[in-house]
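Chemist: From first to last, the protein sequence lines are chains A and B. So the first sequence is numbered by numbering that gives the first Met the number 0: it starts at 0 and just counts up by one. So the second sequence is numbered by numbering that gives the first Met the number 0: it starts at 0 and just counts up by one.
The hints are simulated quantities; they were obtained by calculation from the structure and are not laboratory data. Among the clues, some could well be false.
[Unchecked claim] Pair by pair, the computed Cβ-Cβ distance ranges are:
(1) A:Glu112 with B:Gly14: 22 to 28 angstroms
(2) B:Leu200 with A:Phe307: 55 to 61 angstroms
(3) A:Pro36 with B:Ile304: 53 to 59 angstroms
(4) A:Gln323 with B:Arg204: 52 to 58 angstroms
(5) B:Gly14 with A:Arg184: 38 to 44 angstroms
(6) B:Gln457 with A:Gly277: 56 to 62 angstroms
(7) A:Ala136 with B:Ile304: 44 to 50 angstroms
(8) B:Ala20 with A:Glu112: 34 to 40 angstroms
(9) B:Gly390 with A:Glu112: 39 to 45 angstroms
(10) A:Arg106 with B:Gly426: 46 to 52 angstroms
(11) B:Gln457 with A:Glu112: 35 to 41 angstroms
All C-beta atoms in this analysis are idealised placements derived from N, C-alpha and C, irrespective of residue type, glycine included.
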Amino acid sequence: MAGVTLDRVSRVFGQTRAVDRVSMTIAAGTLVALLGPSGCGKTTLLRLLAGFEPADEGTVAFDDRVVSGNGGHVPPERRRVGMVFQAYALWPHMTVAENVGFALKVRRLSGAERRARVARALETVGMAHLAERRPAALSGGQRQRVALARCLAMEPAVVLLDEPLANLDVHLRDSMQEEFRRFHRATGATMVYVTHDQAEAMALADRIAVMDRGVVQQFSDPATLYRSPETAMVAEFVGRGMVVPVTLNGSASADGRRTADLWGTPVHLRAPEGTAAGPASACLRQEGLRLAAEGEAGLPATVARHTFHGASTTVHLRPSADPQRTLTLRVAAEPPPVGAEIRVAVDDGWLLPA
Amino acid sequence: MTATVWGGAGRRPSGETLLLALVAGYVLVFCVVPLLRLFAEAFVLGAGGAAETFGRVLGASRTWQATWHTLEAGLGATAVSLVLGTVLALLVGLTDLRWKSLVVFLAIMPLLIPAQIAALAWLELLGPSSFLYDLVGYDFPAGQRNPLYSREGIMLLMGIEHAPMVFLAVRAGLRALPADQVEAARAAGAGPLRIIGSVLLPMLRPSLIAGGALAFVSAIGNFGVPALLGIPAGYTMLTTLVYQRLNGFGITILGQVAVLAMILAAIAAIGLAIQAWGLSRRSQAIERAAALGTAFSLGRWRWPIETAVWAVLLMIGVLPLIALSSTSLVQALGVPLSWETWTFDHYREVFANPMTSRAFQNSLMLSSLAAVSSVLVSVPLSYLTLTRRRGLARVLDLLADAPYALPGIVLAIAVILILLPPLPVVGISLYNSFWILLFAYLGRFLALGLRPTAAGVQSVEPALEEAAQLAGAGSLRRLRSVVFPLAAPSAAAGGILVFMAAFNELTVSALLWSAGNETLGVVVFSLYDGGDSTAAAAVAVLSVVATLLLAGLAGLVARFGRLPQGVLPWQA
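Pulled out of the complex, with its shape left as it was, chain A reads as follows:
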């Protein structure tokens, strides 16, 4: 397994910079998710890694071997990259074993070694008993396992996954996620996983690169991404953060947090070190907000509507200071009625770096 280094890589289609000066270091054996809305460039970046797209600027290297850029381009067939396609792209005219063994056959491995490696790969994904089936006779989940085994058998430098769960129903999706985690633990493969589903990315990835309009907005572990987004786009895209205008004061509070002014109400926020006082943006999350207790200070707001979830209810609020905006919070008990004037206590928030 190889580590992957991208150095200011760009891919330009006409006027559009589909991938715009992306730099990233993916350590060997990590599972990285490329996350972003559709059209953000994540699939183009994946195809760049596979070699289906050339790099117009910058370089891509597997370990210390440049595969794209510097005026050269290693074609996909010589990259040793495995890929799980969205619809798996299993060859319908070959059996499961033939699918898995194809790369080895191309490499002219001896029959015995080929069979042994195919068997090993199929065992890893628990599909050894279906080796002689054709893909058409497999369920969606089984096809995915075969696709994984096909990658595994070729001993790739990197495994790429192109929204492999997008075609599955919700129930299967959960068990397949588990399958990927198990596969990753068992093989220690370097994996790059494209998805537009943030929950999927959070659940699977060691590190997540959030992309927007060709640019990597943030590349960090899931917890950091969620707790400390670096841009408003990341804050809003991941976990539906609410980005609000604040004015940061110079002083720090007792727990190391900074005090700030939110629509005239003082709040305590986590902030990157050394942030200067002044106007800024903060990311609030549902679970950082609650209805203020009787007599407690808080942000005045009006209840606009409810969304009932069963165990809890989301309350949509219009802050009195800026009724164009909407804040949401969750309550487990009976929510205040629509139109009620309430106050919101801010327990946690994160100051976005300028």
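With chain A's structure known, arrange chain B on it following the hints.
Modeler: For chain B alone, kept in the frame of chain A given last:
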């Protein structure tokens, strides 16, 4: 970091380039060079006498008469095709007509029956001893000529023969139309006829133009119908004029018939340009909101309309074949067919006659070779064009169409020009041999196999090829292990189409056959020409049976090979 260490630079593998060169050689030799040679003959190479030959041919009144006849009969036939094809397509596409798949099959039937056999069958159907006259109690006046030996007969038969082209074009056009416009017109209170007249037909105009132009090009290139109907009537078209001149004077007047072929090619080129223009204007609405479906109910008109449709379909698709079969079973022309008088003698004669049995062998061999060869070239050519997007392959893909789109007579003359002089190195001429037929067939039928194959290659999901690429397979390996197996059913269907067309080929063979190298089409024609119409009918019936069996086989391939739509023309 060092520059690109792994596996060298991203140049294209040389194996692919070699393959491209092979395919290019095939297309150039069989499709391009002969046609270029023909144009050169008339303009450049005519040994200084080019201008003189041109002048002589263009000065002959025969030339202009044949050209006029070609235009006249071509336009008349196109009118018949347009009316027949459009009415049937509208009825099938828009109404709740019953038994639609059978209607479609019979409407396409003329496409499967070669022109010379259709002409023969119709001659029997309307000839003096037809069962049709007994049925309606009409006494065919003794000594009266068959009414089909006339300009109108030629127009009618060619019109019926090429009506399926209009039918298919209009049907495809109807399928691409969204239902919204029709529904809007209905909501505005317009009746069915008004909707067809003022909404549908204007929107279908590109399809009508494309289908009509194709029918026209086929009609002016038709040889079987004007040969069987026109020659006895003294009505000469360009195709039959070329045939008669070459038959009468031999290859000494090759230069002159080359000029005739060029006149025909020029008229065809205009027709093809109009067809391309029509196709380019056709709306490519694939993601339509709702298909048109059966917009109109026949209601109380059901009985009259369905009766009329079946009468027409029986007339064009069934009765001629019955007449043909009955002729093949009578003891002698004029003897009425009955349970006591029928005989298999003519079939026995067919197999006893060395010429006809040789023709069966020749046609079988020629069409098998043409089919296999066309598939073997079509798959790599389609792969290089559609998947690998090689520029040269795209050009070849277009060029391969020319010998099939242009009238067969044109290609035949071109091939004679190329193969008449002794071949370099070996020093023998292929003229008057089996090989000149094969050469011409390989060029003529490549396009027929190429279109279905291309549809098959295009329908291979790109990810399947990419997955093989990541598995380390080079482009030739991917062609062999992934693309070829997946496109094989479509390619096989293309091969069957080539076989069907080549098995009954007449137009090209009529100019290229020689003693010992007859083809089935030629035999049917010359048996009839020699007055042995019962034997001609027997050979024709056998050919039709073989053709229909092959069509059935192609249908099975289509069903079980899950072919993409449009691979088989009659299932479009």
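Chemist: Hints first: check each against the structure and report whether it holds.
Modeler: Hints, one by one, checked against the model:
Judged by the Cβ atoms, the range 22 to 28 angstroms given for Glu112 (chain A) and Gly14 (chain B) holds: they are separated by roughly 26 angstroms. Range check, Leu200 (chain B) to Phe307 (chain A): Cβ separation about 56 angstroms, and the 55 to 61 angstroms hint holds. The hinted window of 53 to 59 angstroms between Pro36 (chain A) and Ile304 (chain B) holds, with their beta carbons roughly 55 angstroms apart. The hint said 52 to 58 angstroms for the Cβ distance between Gln323 (chain A) and Arg204 (chain B), and at roughly 53 angstroms that hint holds.
Here the CB-CB span from Gly14 (chain B) to Arg184 (chain A) is close to 41 angstroms, well matched to the stated 38 to 44 angstroms. Separated by about 60 angstroms at the C-beta atoms, Gln457 (chain B) and Gly277 (chain A) satisfy the suggested range of 56 to 62 angstroms. Between Ala136 (chain A) and Ile304 (chain B), the C-beta spacing of about 47 angstroms keeps the proposed range 44 to 50 angstroms intact. Distance hint check for Ala20 (chain B) and Glu112 (chain A): the Cβ-Cβ separation is about 36 angstroms, which falls inside the suggested range of 34 to 40 angstroms.
A hinted range of 39 to 45 angstroms holds for the C-beta pair Gly390 (chain B) and Glu112 (chain A), which are about 41 angstroms apart. At about 49 angstroms, the CB distance of Arg106 (chain A) to Gly426 (chain B) agrees with the hint of 46 to 52 angstroms. For the hinted restraint 35 to 41 angstroms between Gln457 (chain B) and Glu112 (chain A), the CB-CB distance of approximately 37 angstroms keeps it satisfied.
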